[in-house]
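Visitor: Build out the structure end to end from the sequences listed, making use of the hints.
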Amino acid sequence: MNERIKKLREQTLNAVPRLSHERAQLLTQFYKSGEAEKVSVPVARALAFKYLLENKDLCVNEGELIVGERGPEPKATPTYPELCVHSLHDLEVLDTRPKVWFKVSDETKSVYDKEIIPFWKERSIRDKIFNEVNQEWKDCYDAGIFTEFMEQRAPGHTVLDDKIYKKGMLDFKKEIQASISSLDFYNDPQAFEKREELRAMEICADALISFASRYSKKLFELASKEKDKQRKNELETLAGICERVPANAPRTLWEALQYYWFVHLGVITELNTWDSFNPGRLDQHLYPFYKGDIESGLLSEETAKELLQSFWVKFNNQPAPPKIGVTAAESGTYTDFCLINVGGVTPEGEDAANDLTYVILDVIEEMRLLQPSSMVQVSKKNPDRLLKRAMKIVKTGFGQPSIFNTDAIIQEMLRHGKSIIDARCGGASGCVETGAFGKEAYILTGYFNLVKVLEITLNNGFDPRTKKQIGIKSGEPSSFKSFNELMNAYEQQLNHFINIKIKGNIIIERIYADYMPAPFMSILIDDCIAKGKDYNAGGARYNTSYVQGVGLGTITDSLASIKYNVFDNEPKTHQPLTEKKIPFEKLLTALKNDFKDDKELRNKLLFETPKYGNDDDYADDITKQVFEIYFKAVDGRPNTKGGHFRINLLPTTSHVYFGSVTGATPDGRFAYEPLSEGISPVQGADVHGPTSVIKSASKIDHLRTGGTLLNQKFTPQLLETDDGILKAIQLIRTYFRLDGHHIQFNVVTAEILREAQKHPEKYRDLIVRVAGYSDYFVDLGEALQNEIIRRTEHSGY
Amino acid sequence: MIYFAQGIITKYTLMSVKGYIFDIKKYSINDGPGIRTTVFFKGCPLKCWWCHNPESQRVLPEQFDDCNFRWHISHDYENRNKIGSEVTSREVMKEIEKDVPFYEESNGGATFSGGEPMLQINFLNELLNRCKEKNIHTAIDTTGYTDFKNFELVYNATDIFLYDLKLMDENLHIHYTGVSNKVIHENLKRLSDAGNKIILRIPIIPSITDTAENLDQMVGFTTSLKNIRGINLLPYHKSAGAKYSKMKKENKLPDLEPPSNEEMDNIKHRFSSIGYDVKIGGY
Numbered sequence: 001m002n003e004r005i006k007k008l009r010e011q012t013l014n015a016v017p018r019l020s021h022e023r024a025q026l027l028t029q030f031y032k033s034g035e036a037e038k039v040s041v042p043v044a045r046a047l048a049f050k051y052l053l054e055n056k057d058l059c060v061n062e063g064e065l066i067v068g069e070r071g072p073e074p075k076a077t078p079t080y081p082e083l084c085v086h087s088l089h090d091l092e093v094l095d096t097r098p099k100v101w102f103k104v105s106d107e108t109k110s111v112y113d114k115e116i117i118p119f120w121k122e123r124s125i126r127d128k129i130f131n132e133v134n135q136e137w138k139d140c141y142d143a144g145i146f147t148e149f150m151e152q153r154a155p156g157h158t159v160l161d162d163k164i165y166k167k168g169m170l171d172f173k174k175e176i177q178a179s180i181s182s183l184d185f186y187n188d189p190q191a192f193e194k195r196e197e198l199r200a201m202e203i204c205a206d207a208l209i210s211f212a213s214r215y216s217k218k219l220f221e222l223a224s225k226e227k228d229k230q231r232k233n234e235l236e237t238l239a240g241i242c243e244r245v246p247a248n249a250p251r252t253l254w255e256a257l258q259y260y261w262f263v264h265l266g267v268i269t270e271l272n273t274w275d276s277f278n279p280g281r282l283d284q285h286l287y288p289f290y291k292g293d294i295e296s297g298l299l300s301e302e303t304a305k306e307l308l309q310s311f312w313v314k315f316n317n318q319p320a321p322p323k324i325g326v327t328a329a330e331s332g333t334y335t336d337f338c339l340i341n342v343g344g345v346t347p348e349g350e351d352a353a354n355d356l357t358y359v360i361l362d363v364i365e366e367m368r369l370l371q372p373s374s375m376v377q378v379s380k381k382n383p384d385r386l387l388k389r390a391m392k393i394v395k396t397g398f399g400q401p402s403i404f405n406t407d408a409i410i411q412e413m414l415r416h417g418k419s420i421i422d423a424r425c426g427g428a429s430g431c432v433e434t435g436a437f438g439k440e441a442y443i444l445t446g447y448f449n450l451v452k453v454l455e456i457t458l459n460n461g462f463d464p465r466t467k468k469q470i471g472i473k474s475g476e477p478s479s480f481k482s483f484n485e486l487m488n489a490y491e492q493q494l495n496h497f498i499n500i501k502i503k504g505n506i507i508i509e510r511i512y513a514d515y516m517p518a519p520f521m522s523i524l525i526d527d528c529i530a531k532g533k534d535y536n537a538g539g540a541r542y543n544t545s546y547v548q549g550v551g552l553g554t555i556t557d558s559l560a561s562i563k564y565n566v567f568d569n570e571p572k573t574h575q576p577l578t579e580k581k582i583p584f585e586k587l588l589t590a591l592k593n594d595f596k597d598d599k600e601l602r603n604k605l606l607f608e609t610p611k612y613g614n615d616d617d618y619a620d621d622i623t624k625q626v627f628e629i630y631f632k633a634v635d636g637r638p639n640t641k642g643g644h645f646r647i648n649l650l651p652t653t654s655h656v657y658f659g660s661v662t663g664a665t666p667d668g669r670f671a672y673e674p675l676s677e678g679i680s681p682v683q684g685a686d687v688h689g690p691t692s693v694i695k696s697a698s699k700i701d702h703l704r705t706g707g708t709l710l711n712q713k714f715t716p717q718l719l720e721t722d723d724g725i726l727k728a729i730q731l732i733r734t735y736f737r738l739d740g741h742h743i744q745f746n747v748v749t750a751e752i753l754r755e756a757q758k759h760p761e762k763y764r765d766l767i768v769r770v771a772g773y774s775d776y777f778v779d780l781g782e783a784l785q786n787e788i789i790r791r792t793e794h795s796g797y
Numbered sequence: 001m002i003y004f005a006q007g008i009i010t011k012y013t014l015m016s017v018k019g020y021i022f023d024i025k026k027y028s029i030n031d032g033p034g035i036r037t038t039v040f041f042k043g044c045p046l047k048c049w050w051c052h053n054p055e056s057q058r059v060l061p062e063q064f065d066d067c068n069f070r071w072h073i074s075h076d077y078e079n080r081n082k083i084g085s086e087v088t089s090r091e092v093m094k095e096i097e098k099d100v101p102f103y104e105e106s107n108g109g110a111t112f113s114g115g116e117p118m119l120q121i122n123f124l125n126e127l128l129n130r131c132k133e134k135n136i137h138t139a140i141d142t143t144g145y146t147d148f149k150n151f152e153l154v155y156n157a158t159d160i161f162l163y164d165l166k167l168m169d170e171n172l173h174i175h176y177t178g179v180s181n182k183v184i185h186e187n188l189k190r191l192s193d194a195g196n197k198i199i200l201r202i203p204i205i206p207s208i209t210d211t212a213e214n215l216d217q218m219v220g221f222t223t224s225l226k227n228i229r230g231i232n233l234l235p236y237h238k239s240a241g242a243k244y245s246k247m248k249k250e251n252k253l254p255d256l257e258p259p260s261n262e263e264m265d266n267i268k269h270r271f272s273s274i275g276y277d278v279k280i281g282g283y
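Residue numbers (our numbering), protein chains in the order written: chain A, 1 to 797; chain B, 1 to 283.
For the record, the hints were derived by calculation from the structure and aren't laboratory data.
Quick caveat: nothing in here was measured; it's all calculated off a predicted structure.
All C-beta atoms, glycine included, are put in the ideal place defined by N, C-alpha and C.
Heads up, a few of these hints could be off.
List time: in silico SDA-like cross-link candidates among lysine to any residue, alpha-carbon distance up to 20 Å [stated by the list, open to error]:
hint, chain 1, residue 1, chain 2, residue 2
1, B, Lys25, A, Asp617
2, A, Lys388, B, Asn81
3, B, Lys25, A, Leu726
4, B, Lys279, A, Pro716
5, A, Lys599, B, Gln217
6, A, Lys395, A, Tyr763
7, B, Lys98, A, Asp621
8, B, Lys94, A, Asp621
9, A, Lys581, B, Lys25
10, B, Lys98, A, Arg737
11, A, Lys699, B, Asn81
12, B, Lys25, A, Ile725
13, B, Lys25, A, Lys599
Label pairs and their computed distance ranges (CB to CB) [what the hints assert, rightly or not]:
hint, chain 1, residue 1, chain 2, residue 2, range
14, B, Thr211, A, Asp723, 24 to 32 Å
15, A, Asp621, B, Trp49, 45 to 53 Å
16, B, Lys246, A, Phe670, 25 to 33 Å
17, A, Asp701, B, Lys189, 51 to 59 Å
18, B, Lys18, A, Lys503, 54 to 62 Å
19, A, Lys624, B, Lys82, 54 to 62 Å
Chain B side only, calculated, beta carbon under 8 Å to chain A, not exhaustive [as the list claims (entries may be wrong)]:
hint, residue
20, Lys25
21, Lys94
22, Lys98
23, Asp99
24, Phe102
25, Glu105
26, Gln217
27, Phe221
28, Leu225
29, Ala242
30, Tyr244
31, Met247
Guide: So, in structure tokens, the structure goes:
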């Protein structure tokens, strides 16, 4: 890392997250002007986008090689009042909360008080959503059965393919115009709607071009004042680049990176899409430019790396927009889930790793930043060299890059009806979500608490915490004569809650389609231009809505415990049956009392009951049953965009939130403790090493999901030698042979984590794997910190 | 003799053989090639001062408070506070077979360690033969202190031997392990002459096994052997200290510090300079 990059890295690490009112204020000015009322909704959104880009402050940081910030300065983070208006109280909370805070100035508070809140109150999408969903939905939401992604952030979850590296915005405009001229007003009743959407896209394309030319002018200005000759030169070159892109297709690596960055800023300024937009298969898209520049002598490997590193810093300058309430609890992090993909296969299905793949991996290792996050796609066709390089970074212990199974991802997409080429050009984004890059809207709609559903089942539909009958009457559990009866009741309850969630989703999808189109993002995703349809209205080639199941380990262990301790009559052990059995009533009472007077019973549940994660079919067969119930409830139901609902299994930080609303569970978990995360076993329940975890985890059918998440904690010693790394690679290869979707390692000892908890000031740079992302350990809430410490650490034998 | 032994094995295929183990470890990456499952047999004829598995010395299961024995075959939680349990070969095979995909990916397999697996020769033989039936690579980690005919019984079904060499001087060997090394060295010679693949495992115990005399003699002895596929140098570590106190056994080396990395590298160089593939730590 050279001096410049060191400085830039320091800049971003030291930048203070602030809440910026710039965007909210400009947006409010625009909507107050009355212009929005004169035009259709998509055109109004496009004009708002244009207004923002024409009026927002420009920012050129010292020494940087890629320019453009979303806010007025690094980590100055805008708000999106059209989606969710922060109250003064919210601002106070954001300003003062101990973790994931955003400094809020008095000026910002005053602007909010006088301009933003009065205008947007009761007009935001959040208000619309809460007006449209019924009491039943709200009760479930309050009880913590599910969360709702779109109540504070817009549908996102899409990743760019290679189109911007081949076409400039002027080329996209030509496509838009061609689509407009082919509209058939005589035979297509939607022709008008389409024209408005396409016009909106056109306005957005122009807006981005003019945003870049504002930067170009500013850079020429700065260059004229610059005394340092080298910097002057750079500024002039950059000014030229901003004139060229995004209007035209890029010709060099530098142009390509700057072009992407303008596009990125466009997407995250238009709306606060979940997750942050993402360039996707960076080593594939940039390789032609890299190769060309190296061959022509324009760049050396070192200067290419410097450009990439400067690019990396830009991502880290954009924290996830401030979230509040349940949404902050389910995803409490500054990380905005940009996941750079490298490796994988080419459109023809061949090994795609190239020289640039390894350069990017170097960048990841050297930069060691929270954002962007990174992952390596590993197909059976990729060489071990790729995995080895990745594991050498993993072993440094900051949870990146994560490791994905390309062959599984492709099969998942084929099952969802994607073409083989589109599937091969895709990957994973966010945490672990499968998608066809550049061609798919794959929306995460909310987390679903698989464990809470059991608690409701065990209370015959009643939620002990909110004291409401939110489920159906599926029977008093003490009347169940067999484990199957319990499973049937669980399935009925689960179907009931999934129905409520999906009904809400159908409403919310249409609210976004009608009121909050995203014409700029629609330019970028096939086939919005060809169809004349917005990304949020089904314009993408593929449209998937995910519901993410949470707590697979805890639900398995809880059900296994009931089966084993209450119902099972098979003489599995040498002990007499009478001694083994626990009356259901007794167990239920113990749960109600949070095991207060029943340490012995709890020990039995904890230590003498089969657990998921040990390659024990007794428990793992139940995992499979729960998986099938969940899959059947969700998969294949139509969404409003011509696509389908699908499942995936990942939690972000919702396993902590969901745990905090769920009482004691039959696996011995105390009330309100975190649930298990992803498809990982319950923290500490896996005692037979990583191969057993992998075997258990691969018993569910990953290929029928859109992503699963498996985290493993390894001691550093296990990866100390090359031989240790080789064995870890073989472990991963085996998991992938068994169709595992994703695996990641936390390479840090529990002792260090405990030390960091005690002395956070000494461990400010300690990054750990949380769930599908990494975060600063000291920035995590205490419950989450404890949860990570409790995860079983696999050590060498 | 061998014919007779195979007769016994054939008979045993019809039923399960019982034996005593004290652990089964998955993702065992230091006991032979690849990713392995190591089955720890209970019972050992030696009582090495530096033994890091003192719980392996007695054959029969032992009851201890708070030992939290981790291995529950068939949910036998009853014996949670016992070290060691009586298990059938079928139960053990079920555990070994679970990790076949990992063995295939890594050229790994099953390792029988201990304790001294040769002490339970019928049980060992049964497991080895069942492994061979399932095409699973096998390794035996042995002290070598057994009747040679036991080696003859098992070596057809054993892919590699991990053979311990501790002290070359007979008196010191008796002092520190409780038994003579004569039969150990003879067996090793015969095993190597019979064409078996062998990895020598040398515990490096400061001021006991790492003396110049001992290492000199070891080099001499090693070079006289055939079929040595590698040498593992196992540095002394203190992790067993807690076990001794928990088991109320005397730890005869309470203050001994592990060898330095530098010393380990020097010893490694000694053996590698004469052409051996040497690893510090396990395989």
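Visitor: Taking the hints in turn, state whether each one holds.
Guide: Hint by hint, here is what the structure shows:
Distance check on the hinted pair: lysine 25 of chain B and aspartate 617 of chain A sit about 18 Å apart at the alpha-carbon level, within 20 Å; holds. As the CA atoms of lysine 388 of chain A and asparagine 81 of chain B are separated by approximately 41 Å, the hinted pair breaks the 20 Å bound. Proximity of lysine 25 of chain B to leucine 726 of chain A is assessed by CA-CA distance (about 19 Å); at most 20 Å being required, the pair is judged to hold. The straight-line distance between the Cα atoms of lysine 279 of chain B and proline 716 of chain A is roughly 19 Å, inside the 20 Å bound, and the hint therefore holds.
The straight-line distance between the Cα atoms of lysine 599 of chain A and glutamine 217 of chain B is roughly 58 Å, outside the 20 Å bound, and the hint therefore fails. Pair hint lysine 395 of chain A plus tyrosine 763 of chain A holds up; C-alpha atoms about 18 Å apart against a cutoff of 20 Å. Restraint check for lysine 98 of chain B and aspartate 621 of chain A: the C-alpha separation of about 15 Å stays at or below 20 Å, so the hint holds. Under the criterion of a C-alpha separation no larger than 20 Å, the hint pairing lysine 94 of chain B with aspartate 621 of chain A is consistent with the structure, at around 17 Å.
A hinted pair counts as satisfied when its Cα atoms are at most 20 Å apart, and lysine 581 of chain A with lysine 25 of chain B does not qualify at roughly 30 Å. Between lysine 98 of chain B and arginine 737 of chain A, the direct Cα distance comes to roughly 15 Å. Compliance with the 20 Å bound is thereby established for this hinted pair. Taking the CA atoms of lysine 699 of chain A and asparagine 81 of chain B, the gap is near 31 Å; set against the 20 Å cutoff, the hint is violated. Between lysine 25 of chain B and isoleucine 725 of chain A the CA atoms are separated by roughly 19 Å; this keeps the pair inside 20 Å, and the hint holds.
Between the alpha carbons of lysine 25 of chain B and lysine 599 of chain A the distance comes to roughly 30 Å, so the proposed pair goes past 20 Å and is violated. Separated by about 28 Å at the C-beta atoms, threonine 211 of chain B and aspartate 723 of chain A satisfy the suggested range of 24 to 32 Å. As the Cβ distance of aspartate 621 of chain A to tryptophan 49 of chain B is approximately 47 Å, the hint placing it in 45 to 53 Å holds. Lysine 246 of chain B and phenylalanine 670 of chain A have their C-beta atoms about 28 Å apart, which keeps the hinted 25 to 33 Å range intact.
Between aspartate 701 of chain A and lysine 189 of chain B the beta carbon distance is about 54 Å. The supplied range of 51 to 59 Å therefore holds. The hint said 54 to 62 Å for the Cβ distance between lysine 18 of chain B and lysine 503 of chain A, and at roughly 59 Å that hint holds. Evaluation of the 54 to 62 Å hint for lysine 624 of chain A and lysine 82 of chain B yields a failure: the beta carbon distance comes to about 32 Å. With a least beta-carbon distance of about 5 Å to chain A, the hint placing lysine 25 of chain B at the interface is held under the 8 Å criterion.
For lysine 94 of chain B, the interface hint is violated, since its Cβ never comes within 8 Å of a Cβ in chain A; the closest pair sits about 10 Å apart. Checking lysine 98 of chain B against chain A: minimum C-beta separation of about 5 Å stays under 8 Å; hint holds. Given the 8 Å rule on beta carbons, the hint for aspartate 99 of chain B holds: about 5 Å separates it from the nearest Cβ of chain A. Annotation: interface hint on phenylalanine 102 of chain B holds; nearest CB of chain A at approximately 5 Å, less than 8 Å.
Hint status for glutamate 105 of chain B relative to chain A: holds, with the closest Cβ pair at about 4 Å, below 8 Å. For glutamine 217 of chain B, the shortest C-beta to C-beta distance to chain A is roughly 29 Å, which exceeds 8 Å, and the interface hint is violated. Because the beta carbon of phenylalanine 221 of chain B sits about 27 Å from the nearest beta carbon in chain A, more than 8 Å, this interface hint is broken. Interface restraint check: leucine 225 of chain B against chain A, minimum CB-CB distance 24 Å, threshold 8 Å, status violated.
Interface hint status for alanine 242 of chain B: violated, as the beta-carbon distance to the closest one in chain A is roughly 15 Å, over 8 Å. With a cut of 8 Å, the hint placing tyrosine 244 of chain B at the interface with chain A is violated, because the nearest CB-to-CB distance is about 19 Å. Hint status for methionine 247 of chain B: violated, given a least beta-carbon distance of 20 Å to chain A, over 8 Å.
Going down the numbered hints, you'll see the structure goes against 2, 5, 9, 11, 13, 19, 21, 26, 27, 28, 29, 30, 31, while the others check out.
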